[in-house]
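Q: In case you want the letters, here they are:
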Amino acid sequence: MVVAEPTTLIIFRVKGSLELRCHLDSTETSHIQKVLSRTFENLRAQIKSESCVFTVCNTPVIIWPNKDVYEDITPDSPCEDVLQRIQSDEPESGGKRATKKKGKKDLSASVISLRLMMEVTKPGPLSAPVISKTVQKSHFLSATLPLDCAVRTHSKDTIKDVCDRLLEALTQQLCEMEKVMLQHMKGSTLLTAEPLHFLLPEPKGLVTVVFPAGVPDKELEAQRRELHQRFKLPNDRPYFRRANAYHFPNEHYKDGYLRNPHHALTHPTLENGKVFMVQGIYSYHHYMQDRMDDNGWGCAYRSLQTICSWFQQQGYVEQPVPSHKEIQQALVDVGDKQANFVGSRQWIGSIEVQAVLNHLLGITSKIMFVSQGSELASKGRELANHFLTEGTPIMIGGGVLAHTILGVAWSESTGQIRYLILDPHYTGSEDLQVITEKVPACT
Amino acid sequence: MGRVYIVDEDVEEYLSKLCSQQAGPVTGLLIGQSSGQRDFVVIAAPTPKDEESAGKTVDKEWVSEHARQVSRMLLGGLTVLGVFMITDADAKDTITTLRQLVFAVENLISSEQKWSPAEDDVTDCVTLHVNPKTRKYPFFNSAAKPADLKYQSGVGSCWTTVSCWLNVDLLIPLPDSRASKENSQKGLKVWTRQIENAVCLIDGKKLPEDSELTSGQVVSKRQDLFDKKALSEIISKPRSADVVQPCGGSVTVRGAVHCRAFLHTHKPKVKLAEKVLLKRDAISTVATRVQMLLDEPLASEEQIKDFSERENCPEFCLPRRIFCPLKSSGSLYVCDYQFSDEGLSEIVDRLKEMLGVDTAEEDLDTTQEMTAEITQGAFMAAAAALLATAASMMYYSDM
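Protein chains in written order, with full-length UniProt numbering: chain A, 1 to 443; chain S, 1 to 399.
By construction, these hints were calculated from the structure, which means they are not laboratory data. Errors might be hidden in some of the hints.
BS3-like, lysine-lysine: derived pairs with alpha carbons at most 30 Å apart [claimed, not checked]:
| id | chain 1 | residue 1 | chain 2 | residue 2 |
| --- | --- | --- | --- | --- |
| 1 | S | K189 | A | K254 |
| 2 | S | K189 | A | K15 |
| 3 | A | K122 | A | K218 |
| 4 | S | K189 | A | K34 |
| 5 | A | K160 | A | K48 |
| 6 | S | K352 | S | K17 |
| 7 | A | K48 | S | K189 |
| 8 | A | K122 | S | K189 |
| 9 | A | K137 | S | K189 |
| 10 | A | K137 | A | K48 |
Work out the full structure: start from the sequences and follow the hints.
A: Structure (structure tokens):
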């Protein structure tokens, strides 16, 4: 698809919750199905009603999409106008870019968050309430449905268009939630539904899937297989595990680690050079994090943590990033170290990292030996190839230092090479600006 | 040094009148608004005489019960601020009684509160001893520190009003077959929290919390259905056991309530108006009425207007809110609840008895909430049926 003029893409994301409440006279499956369907019908009616309201976060914009009432904006305005109304957030540590990349055609450039709300007031006078009671041994169903829809629009699309699409997406999501809930109903046990967004390779883009809440990934293989088929995705790498869920740029990471801090840097220019980089998301682990004082000895542990984080966040493994103790225990478990290794401040090297990756995460790795640092330059082709095909971070250890290589800029013709290094020796806080300025890339 | 209490001159006049009239001791409640460093007293309501007691000793429980019933009649922003006593007994004797009374009233009021208390809520109550002989007015707060009392005219005017009609559509499970008071309160907790988290728009706009209201007569409200914290809790622990639970039945409440709150200053802060006062009024009027009805014995003949075809779900009208203007003030109102079998004369009597307010039937504002008509037929599940606008009320057909 050729884009005639340079319009940017904006993602409008609406979140809100609706309460699912109904009284069940019996727990017979068909009865539950009937009542549930009727309740969902009511919820869909709420979305179509005049009480449905979108408020745009951090702006005074409020929209009643079914009533065509727009506060602080007109329905024909291009949706990029909303961007101008957003009051700036404080820079948060842990995800916000320090510098805005110019000319970077990044999908995640603009996300506008909306909240779904329901108006509960009406113009009066109105009739006083009526109360009605049913006394009967029965059951009550009560759940909260976390609605979460995202649509991708061009900046010149009108607000009205966006709202219409969001309403459609919300209605559709309620249908999918109903389906998922009925599908996973066992007797009178019901699970709520949970929508997740996934960023698929272009041109599919952002896709939302409703999963049953609380069901672990391994029980949902059939559903994922069907999704891979539907979207024509290869089966050798995960796209729809929970860890693969798209992380919106304006969301905090709850664990506080920075993600892909290297995105804030500019690439070096080499004659005929190309850049080969880690693919996907990793989190930055370094000295002094997690209240662990490993200053001076923990660099290889931190590099290993960064690598583990990559596998976890791409959805290959479910294990969380191991702590120093867990790493040491793993080495004792495979017989590589004595029991008193656990709790010590002993350094580890590449061999140990390989052993832990294998034992804890079931991952095989290749060790490449270089007798001196200068030899690394000759391995340019091999490193470039690794990033192309595997895309995982590389741990480099030698002597008493360990680092993580995230990418290379390599020129096939001149043999010149530059490395993108993630330095685990940093002892400061998760401040992206400090990290990208102070921590140098090695040559 | 402490809080300043500004008492309306009309209240002073009223107390003086009581002084000259009564023979025995008179106790009563001081009603008004607490804000910032100042409190405003606009009503002095004498506690009705209890025929059973001799009238000699002051009955703590009786005064507390009076406070409880009076609280139901106050709109947003007005609360019971303290207790007064008119007696020519010595100050020393009176002070103990007064302090006991004030503690009892304070406890009762905080236990009756259906909303979560805010950090800056003032909970101090005061005691006022009026000695008709000496005409001295020792005035203390509940910590027995003297508080500053000032009389001022026109305290009852210059109040800002915010109001709205709130749609109520609740489905509450009953844990066992009796709808006891505890159950109805628990069931309302979820709804109460939603109201507390709702976003209020003043005249259709969302104003920043610190800004001031200039002319906010009508407030419409949005409901933020769940705050983020509650949402994330539910996602992280989606145990299937939470979704379907056994119950002993259910209660539905459908209709609308008219809510109103008053703020004393000319330019009250938005946060106070919407967050605190109007929402509290909404919460307490719904909770009060549900309680009123569920406290009554089940299936009392006068209450049931109509039986629907399904035997088990008789529908009752919740009492409707009637508003009564205060003569001493241009803009302040109190309210009462009219049951379907009552006439307006009963309202007038109750207002006189509980609040000492003199009023006539024609002064009452009965237009804010209309009496609901009960429909015949089992319309429990259809949400639309009972919500009436003026144009589309449903009438029950003749049997």
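Q: List, from low to high, the hint numbers that the structure doesn't satisfy.
A: 3, 10
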